[in-house]
Structures are given as C-alpha cells and as structure tokens.
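Protein sequence lines, in the order shown, are assigned to chains H and S. All you need for our numbering is the position in the first sequence, starting with 1, plus 30. All you need for our numbering is the position in the second sequence, starting with 1, plus 30.
Think of the hints as simulated: they come from the structure by calculation, not from any bench. Keep in mind that the hints are not guaranteed to be accurate.
All copies of an identical chain are treated as equivalent in the list; a pair is satisfied when it fits inside any one copy or across any two copies.
Claimed, not checked - Pairs of lysine-lysine, DSBU-like flavour, derived with a Cα cap of 30 angstroms: (1) Lys67 with Lys243; (2) Lys243 with Lys38; (3) Lys59 with Lys137; (4) Lys172 with Lys33; (5) Lys120 with Lys266; (6) Lys105 with Lys172; (7) Lys193 with Lys234; (8) Lys207 with Lys67; (9) Lys74 with Lys104; (10) Lys266 with Lys56; (11) Lys120 with Lys245; (12) Lys266 with Lys207; (13) Lys59 with Lys243; (14) Lys74 with Lys207; (15) Lys172 with Lys50; (16) Lys266 with Lys220; (17) Lys104 with Lys243; (18) Lys67 with Lys234; (19) Lys266 with Lys243; (20) Lys128 with Lys67; (21) Lys67 with Lys137; (22) Lys245 with Lys266; (23) Lys120 with Lys74; (24) Lys245 with Lys234; (25) Lys67 with Lys172.
Small disclaimer: the values here were computed from a predicted structure and weren't measured.
Protein chains: 2
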Amino acid sequence: MIKTITSKDNARIKFASSLKENKYRKMHKMFLAETYKSLEMALKHHQVVEIFATEWIDVPEDVTLNIVSEDILKKLSSNVNPEGVVFIAKMREYDDKKYNKILYLDKVSDPGNVGTLIRTALAFNYDAVFVSEDSCSIYNEKVINSSKGAIFAIPAFERDISKIIDGHEVIVSTLDKDSVDLENLDVPNKFILVMGNESHGVRKEVAELATKKVKIRIQNIDSLNVAIAGGILMNKIR
Amino acid sequence: MIKTITSKDNARIKFASSLKENKYRKMHKMFLAETYKSLEMALKHHQVVEIFATEWIDVPEDVTLNIVSEDILKKLSSNVNPEGVVFIAKMREYDDKKYNKILYLDKVSDPGNVGTLIRTALAFNYDAVFVSEDSCSIYNEKVINSSKGAIFAIPAFERDISKIIDGHEVIVSTLDKDSVDLENLDVPNKFILVMGNESHGVRKEVAELATKKVKIRIQNIDSLNVAIAGGILMNKIR
C-alpha cells in the first residue's frame, strides 16, 4: 500500500519518531532503521513494518510505503544527510532456539563497537549474538547503522549470559596471565565467545564462568579496540 | 612553566582553537589532542608543545602548563565531556627512514577507522602508517581520539604510496577472485599492507601495484568493516 504524508504532525510520523527512545522501542517491540542496504536485508528477513521514503520504491504488498518530504525524512533520520529511506522494523521474538556459536557482549557500551561486532559475527557465520542488558541497546540507531543491516540477518538479543549457557564452552577474551594465545586455542564446536567493556574488560563474575581464556599477542600498548579484538578472535574461533 | 589563563580571548587559546582547522594545522605543523592517556604517550615521545588543563599536573620543565577554567577547556575540546586536559602537539617531521612493515590507507575516510587502524598497527609492532593525501587527515581530532595515543608512538604520515615503495612487497586487501586466502599467505619481511576505502575498496591504480593480493574468508555479507579487516590482516601479517 502506498500513502503520501505531508505533515510532520501525522500520527504515523509521531509514532515513528517515538521509536527513537528506548522506552517506546521496548513497549512496541519495534525500532527505526535506515539506508536502502538495510531495508533490503530487513525485507529479506520479513522484519519491515512500514517504510518512509522520499521516492517510490518497489516493496511487497503487505508493507506500507509512505511517501514523505525531505524535511519529514530528516525528522525521522539519525543521519545529517539521510539516504532517503527510514523504516520501522519489528524486533525478533526470543525463540529459545539452540545456538552453537554465540558471541556475547558483556557491558560493551559504544554503539559503533556493538554494531560492528554484530556485522562481523554474521560475516563469520555465528549463530547468534547476545548482549548483557547493561550493554548499549542493540536497537540504538547507531548500532543499527554500523551493523550495516546485519541486525536483520543474525539473531541478536539482550539477555544475560547465565540464561543462555547450555553445555557451551565459555571462551573469555582477557589479558589475564593464564590466558592462552589465540594461535594455541583448540576451537570447540559449541561455545560462547565473551568480549568485555571498552575500559574495564569482562566483569569478574562473568570471567569466572570461563572454561577457556584467550588473548591476542600485542606489543607497545595496553589493549586493542574491542571490535578489532572481537574480529580477530571470531576469524579464528568459528 | 605554569600560567593561568582566565579569558577565552587569550592569544594562546585563540591559537589553540585555530588548530581545529586542517589549514592551520598544516601551516603551524601542530595539532590538538586530549585525555591524560594521550598526554602521557605524547610526553614520552617528546611531542608536546603546550598544555591546557583545569588542574595542576606534573609536566617537564620545558613544557608550558596553562591552568584554565572548565569553560575554556570545553572550547578547546572536541568531546562533550572533556577529561580535563587538551594539549598542542607537534607533527612528526618526515624523516625518510627505512620502514620494513608499513600499513598504507588508500582513501580511508572515516576518522574512527583511521584512528583505530593506527592503534592496531602499533599493537602489532608495525614500523609506520602512511595514508593517501585524500584519506581522512591523521590529525583530525576524532582520529587522534580513537588512536588512543598511538599517533604519538608510531610514525604516521600523509604521503602517496608511489613515494614510499622501495623494494617492498605490496600486499593489497581485496575480494578479487585472484586473491589468496589469508591463511595461505606467505608473510614477507618487508612489505606495505594496503587497505582501501570503506565503500569502494582499494583504487584500481593502487591495486595494480600489488605483488600479492589477500582476502579474509567471509560469508553472508559483502564485506567487513575496514578497521576489522585491517586488524585481522595485521594480526597475521606482522
């Protein structure tokens, strides 16, 4: 269905704008995303509720396309120069499936890091990404942007690690002295790879769940960026 | 030497502020940086010209410390919540040294990516980082921030690849069909690793310089973030 919206006070525009706040995202189980690339992936995975675009685009019959002015699009977008499309997507229902290869983020707080880690987990064919409830929300618009559409293709949830361990090896990334060098790690079939906070690393209570600890050999500097470390680890541990 | 500055119109504050523009950075061969961690690394490498801080800090005698108000510090800082210190650093003079292990960025445009790649190159003990002159400037404040002080510890310059090849193997990161999987790459002793633009990859004229082409095996998605790809490649190619 195609509609034209000319007023910023339109109810659908107001509803869409409300999804910029986490409170309303949680209430409605929906979130905002943008760019044509993300839309393509979201459509492929049947997660699109409604689209706002400045031009006509070809979409399935059951999805509403709202043609809006550039001004209205800017109101919905989180980018200074939006690409011309913003859409409402529905959050994935938690399905209690069994996942063998999981990336877990323990209080990772930078949205760019969270989004990039989700994108990288998809590229290395992980089954799911879980983030602790005090990590940056996976529905934050900067996470969505930096995931480059990956959020629609890989199951991703906000849920504590204690609720998902089910016979998994828990591999914790840490510079602790008893960590194994990545090159010497035996990669198990069923695991949760845990990455920690940008400044403080993995919390003690989470690190205590480790069945394996792993580190990347570095010099000259205290630590790698968490997304870089995650990329290096996932490239080997997959 | 310790001074107190109380006015935003002070000549040193005006001079420091001017360094937010690339034009003035190039003219004076100086740039702004912040955070105590960066300051520590910049002092260690003798690149600090002058410091602005809200509190007294212990600095070498030949460096001027200006005590300023929080308002003045905010004017100099590029962060919403500055850490309390901003400083003027001098650019490294190009020294024509021989570098064996080089990272080269071909038109990489995102400052977070450039800064993170510089930090990662330092962690993997690279000898230098070069960026093409149409890449994001290495003195951009977001590059400095995301390098986490690495910019002071590893030689980094803006200079075309044609001027630095000197018997190096040129290893280009590309998804071309004739690229070798990273696991199968023989790592040479003297090389330039080339990473390309976020959207367009390495330019044709630069790719033609390749003596080796390398790729990371990925699934489900077109590409990795350039900083992630760089991290994975440098972890192996070092």
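Taking the hints in turn, this is what the structure says about them:
1. Lys67 with Lys243: between (37 angstroms within a copy, 27 angstroms between copies)
2. Lys243 with Lys38: neither (52 angstroms within a copy, 51 angstroms between copies)
3. Lys59 with Lys137: For Lys59 and Lys137, the Cα distance is within 30 angstroms only inside one copy (22 angstroms; across copies 39 angstroms).
4. Lys172 with Lys33: within (28 angstroms within a copy, 41 angstroms between copies)
5. Lys120 with Lys266: neither (32 angstroms within a copy, 40 angstroms between copies)
6. Lys105 with Lys172: Both: 16 angstroms inside a chain and 26 angstroms across chains, each within 30 angstroms.
7. Lys193 with Lys234: within (17 angstroms within a copy, 49 angstroms between copies)
8. Lys207 with Lys67: between (43 angstroms within a copy, 23 angstroms between copies)
9. Lys74 with Lys104: within (25 angstroms within a copy, 46 angstroms between copies)
10. Lys266 with Lys56: Neither way: Lys266 and Lys56 sit 35 angstroms apart in one copy and 42 angstroms across, limit 30 angstroms.
11. Lys120 with Lys245: neither (37 angstroms within a copy, 35 angstroms between copies)
12. Lys266 with Lys207: both (21 angstroms within a copy, 22 angstroms between copies)
13. Lys59 with Lys243: Answer is neither; intra-copy 36 angstroms and inter-copy 45 angstroms both fail.
14. Lys74 with Lys207: between (45 angstroms within a copy, 27 angstroms between copies)
15. Lys172 with Lys50: both (11 angstroms within a copy, 25 angstroms between copies)
16. Lys266 with Lys220: both (14 angstroms within a copy, 25 angstroms between copies)
17. Lys104 with Lys243: neither (46 angstroms within a copy, 41 angstroms between copies)
18. Lys67 with Lys234: between (39 angstroms within a copy, 24 angstroms between copies)
19. Lys266 with Lys243: both (14 angstroms within a copy, 20 angstroms between copies)
20. Lys128 with Lys67: Classified as within: same-chain Cα gap 29 angstroms, cross-chain 43 angstroms, threshold 30 angstroms.
21. Lys67 with Lys137: both (28 angstroms within a copy, 22 angstroms between copies)
22. Lys245 with Lys266: Both ways: Lys245 and Lys266 sit 12 angstroms apart in one copy and 14 angstroms across, limit 30 angstroms.
23. Lys120 with Lys74: Result: close within a single copy only, 13 angstroms intra versus 51 angstroms inter.
24. Lys245 with Lys234: within (16 angstroms within a copy, 37 angstroms between copies)
25. Lys67 with Lys172: Classified as both; 15 angstroms inside a copy, 26 angstroms across copies.
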